[in-house]
Amino acid sequence: MNLTTKEIITWCPGCPNFLILESVKKALEKIKREDIAIVTGIGCHGKIFDYLNVSGIYGLHGRVIPTATGIKLGNPNLKVLGFAGDGDTYSEGMAHFIHAGRFNPDMTLIVHDNQSFSLTTGQPTPTTQQGYESKASPLGEFNKPFNPIKLALASGMGFIARCNARDINHTAEILRVAIKHKGFSFVEVIQDCLIFNIEINNKDKMMYKIKDNLDKKIAEKLAEEWDYNSKKGKIPIGIIYHEEKPSLEDKWPQLKNLKKKKVGWKSLK
Amino acid sequence: MKINILIGGKAGQGINKVSEIVSKILVDQGYFTFNYRDYPSLIRGGHNFNVLCVSDKRVGSYESELDIIVAMDEKTILLHKGSLKKSGIIIGSKSFEKLGRNLNIALAGVLIKLLGINKNILIEHVKKEFDNKETIDAAEKGFASQEKKFDFRKLNNKISIMTGSVGISQGAVNSEIDLYLSYPMTPSTGVMHDLASRQVENNLMVFQPENEIAAVNMGLGASFAGAKTMIGTSGGGYDLMTEGLSFQGMSEIPLVVYLSSRPGPGTGVPTYSSQADLNVALRGGHGESPRVVIAPGDPIECVEKTNEAFYLAEKFNTLSIILGDKHLAESEFSSDEKPNKIIPVKVNRKVPGESIVKASSYEHDKFGNTTESAEITKDNADKRIEKYKKIKEECKKFEMIKIHGKKNSKNLVIGWGSTKTVILDAIEREDFKFLQVLYMKPLSDEIKNEIQKAKKVILVEQNVTGQLGRLLREKTGLKIENKILKYDGRPFTCDELKERLMK
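Residue numbers (my numbering), protein chains in the order written: chain A, 1 to 269; chain B, 1 to 503.
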């Protein structure tokens with residue numbers, strides 16, 4: 001299945017977003033193209049919308065999760081993937097991220113985390129390390145970054161994974177499992193930005209692959225291993241936590257009915 | 001025959017039940033009723049009151065002079081006895097205090113006796129709703145405690161009661177709505193409650209997201225996937241939604257929005273009424289894109305106009321806003337009319353699952369992919385304006401304005417939304433023509449002609465700046481000098497408006 005479009009790719013040369021695009025294409029290989037719907041936010045990551053020949057919405061900054069949840073409410077049979085940035089998800093869209101764990105829509109969120117607002121020329125995001133100097137923070141970033149994996153665990157998400165953008169095959173494999181997971185699956189992809197916030201780049205040596213983990217206590221420990229603030233410590237890569245929970249589509253009788261009949265609202269009445 | 005009954009007490013005492021029982025019985029007897037609800041933003045205590053106006057003719061307002069006060073506490077008497085007519089009656093609750101939670105039923109019994117209605121009708125009604133001995137005894141006790149004062153004998157009218165909220169949700173159900181998304185906010189919540197209560201049997205879904213920003217973006221996502229979707233909110237919630245309304249303009253995903261206004265700015269006066277959100281309904285959201293704004297004036301129009309809003313949204317992939325307020329949403333109106341025939345609403349567009357469909361918040365080419373081309377940017381902007389012209393043509397099929405009162409009068413009253421019914425009551429038998437504006441956007445071309453034909457034009461609005469007047473001036477170049485504006489959160493009473501009109 002060819003998911004490529006004719007659009008000229010406008011990411012910077014060498015940007016890891018190219019690698020994420022390849023991983024996504026691999027992960028989607030065996031899914032019927034018409035059944036896929038993607039939602040993207042605004043930021044460098046969002047350009048992926050133009051490069052994938054599938055249905056979708058190029059949404060607003062910070063609103064990937066509600067827009068994607070809406071698609072599931074409209075037709076729960078669609079395979080929905082949300083692409084968002086770190087600023088997108090953890091700054092503008094934070095409320096939605098937390099509630100995704102509670103509502104548990106059966107969709108996958110892929111966060112391209114380069115620890116920087118890059119499309120707006122390098123301002124700090126909530127995952128930027130302390131001391132980072134940018135045009136917006138010439139005195140250096142004062143705040144410690146927050147840890148999205150810990151927050152995801154606290155929000156009750158049933159699938160939490162972390163990937164390395166540079167490892168195309170491993171990312172594709174994790175994405176396949178995430179898409180199959182019934183409920184909200186959160187995949188954080190660590191990527192470098194080659195132009196802004198370069199001092200936090202090149203963390204491959206800190207990364208190590210873990211076995212799929214089903215234990216919450218271990219997940220909490222894994223989440224603590226890296227604080228996003230330094231290039232010290234270890235960065236676990238893989239499925240940090242996996243637990244099946246009733247999804248939005250399982251909880252609502254109206255959505256269950258649509259799933260049973262394999263239709264969206266349009267074809268129901 | 002027309003009387004006004006005030007029923008007052010603390011929140012939680014059940015004053016709504018009194019007016020509900022009495023108005024249901026009166027409507028069964030063939031009388032028109034109008035019930036205004038006045039309550040502060042608290043759950044228990046405070047002072048709530050309803051004013052129930054009863055008439056043998058159509059009525060859509062109440063009067064400031066009262067015939068009866070039903071007081072469930074001392075405060076009610078203290079606050080309202082100044083409004084009681086000389087011949088008026090106060091019904092206290094002291095002698096019924098032992099009845100506990102059935103106090104309100106006893107008071108309903110007192111009122112039914114006063115109005116001269118048969119006891120059997122009361123008992124039958126109470127039995128139907130509460131099948132227990134104490135409640136029925138309370139109704140009987142109340143009935144026995146008074147002498148008949150009025151003579152509301154049975155008339156031959158077929159009347160039903162509806163709130164604006166129920167009208168809007170009925171209009172949505174008639175349009176075969178699939179999904180309603182709303183974050184609780186007075187006074188829009190009535191629609192959410194009504195639709196939620198009948199979601200299963202009507203095969204629809206009511207979902208409460210984390211906030212209004214989520215509601216609007218979810219709404220667009222769901223509609224994109226093929227669901228007929230409406231979202232509902234009030235003032236501040238609408239402000240949060242405006243990024244999504246602008247997004248609708250670019251993505252052209254059909255969306256219906258219910259905006260029920262209350263006095264602002266800020267949190268304002270949450271449980272009272274205002275027409276100050278017309279400007280934001282017309283313009284809220286950045287950029288330039290078409291939209292429809294319709295303001296129904298009574299529950300029957302709520303049913304009809306909500307259906308039209310859905311129809312237009314689907315036909316033109318546009319944004320339709322239904323603009324109401326607390327007075328329309330929560331007052332109980334009676335009518336002997338039936339809404340127009342339902343317009344079928346069909347989703348004819350391609351949706352994901354069937355083929356590849358792309359929608360975008362960015363300017364985009366015909367495939368839905370992002371573009372920064374000067375040519376496409378300009379062409380798309382032109383197309384959006386062209387679309388608006390087509391929408392306007394289509395709207396002409398519907399009643400964009402209504403002319404009421406004396407058709408040949410040279411005195412023209414202009415109003416919109418919830419002031420409709422009080423204007424109708426105030427101009428009855430007087431030398432006035434009343435132009436009711438229902439479509440605020442697009443605006444009817446006939447309005448200019450009507451203004452030019454009139455000798456005296458009076459604008460009636462419930463806001464401080466005369467927002468419709470400003471809109472009319474923008475669109476017609478005509479300035480309306482005479483304005484009757486009210487902005488204390490309370491609706492016009494019939495006598496108050498009449499006095500101001502006759503000045």
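Because the hints were derived from the structure by calculation, they are not lab data.
In this text, all values refer to a predicted model and were calculated from it rather than measured experimentally.
Where is the CB? At the ideal position from N, CA and C, for every residue including glycine.
Be aware that one or more of the hints could be misleading.
What the hints assert, rightly or not - Derived list of chain B stretches under chain A, where covered just means 3 residues or more per stretch with a C-beta under 8 Å from a C-beta of chain A: (1) 89-101; (2) 165-179; (3) 243-249; (4) 417-423.
Claimed, not checked - A few chain A positions that, by computed beta-carbon distances, are all more than 10 Å from chain B: (5) GLU7; (6) ILE36; (7) ALA37; (8) ASP50; (9) LEU73; (10) LYS203; (11) LYS221.
Claimed, not checked - Sample of chain B residues facing chain A (criterion: CB under 7 Å; computed from the structure): (12) GLU210; (13) ASN217; (14) MET218; (15) ILE356; (16) ALA359; (17) THR371; (18) THR377; (19) ASN380; (20) ALA381; (21) ILE385; (22) MET400.
- prompt: Okay, which hints does this one fail, numbers in order?
  reply: Numbers 1, 4, 5, 6, 7, 8, 9, 17, 18, 19, 20, 21, 22, in rising order.
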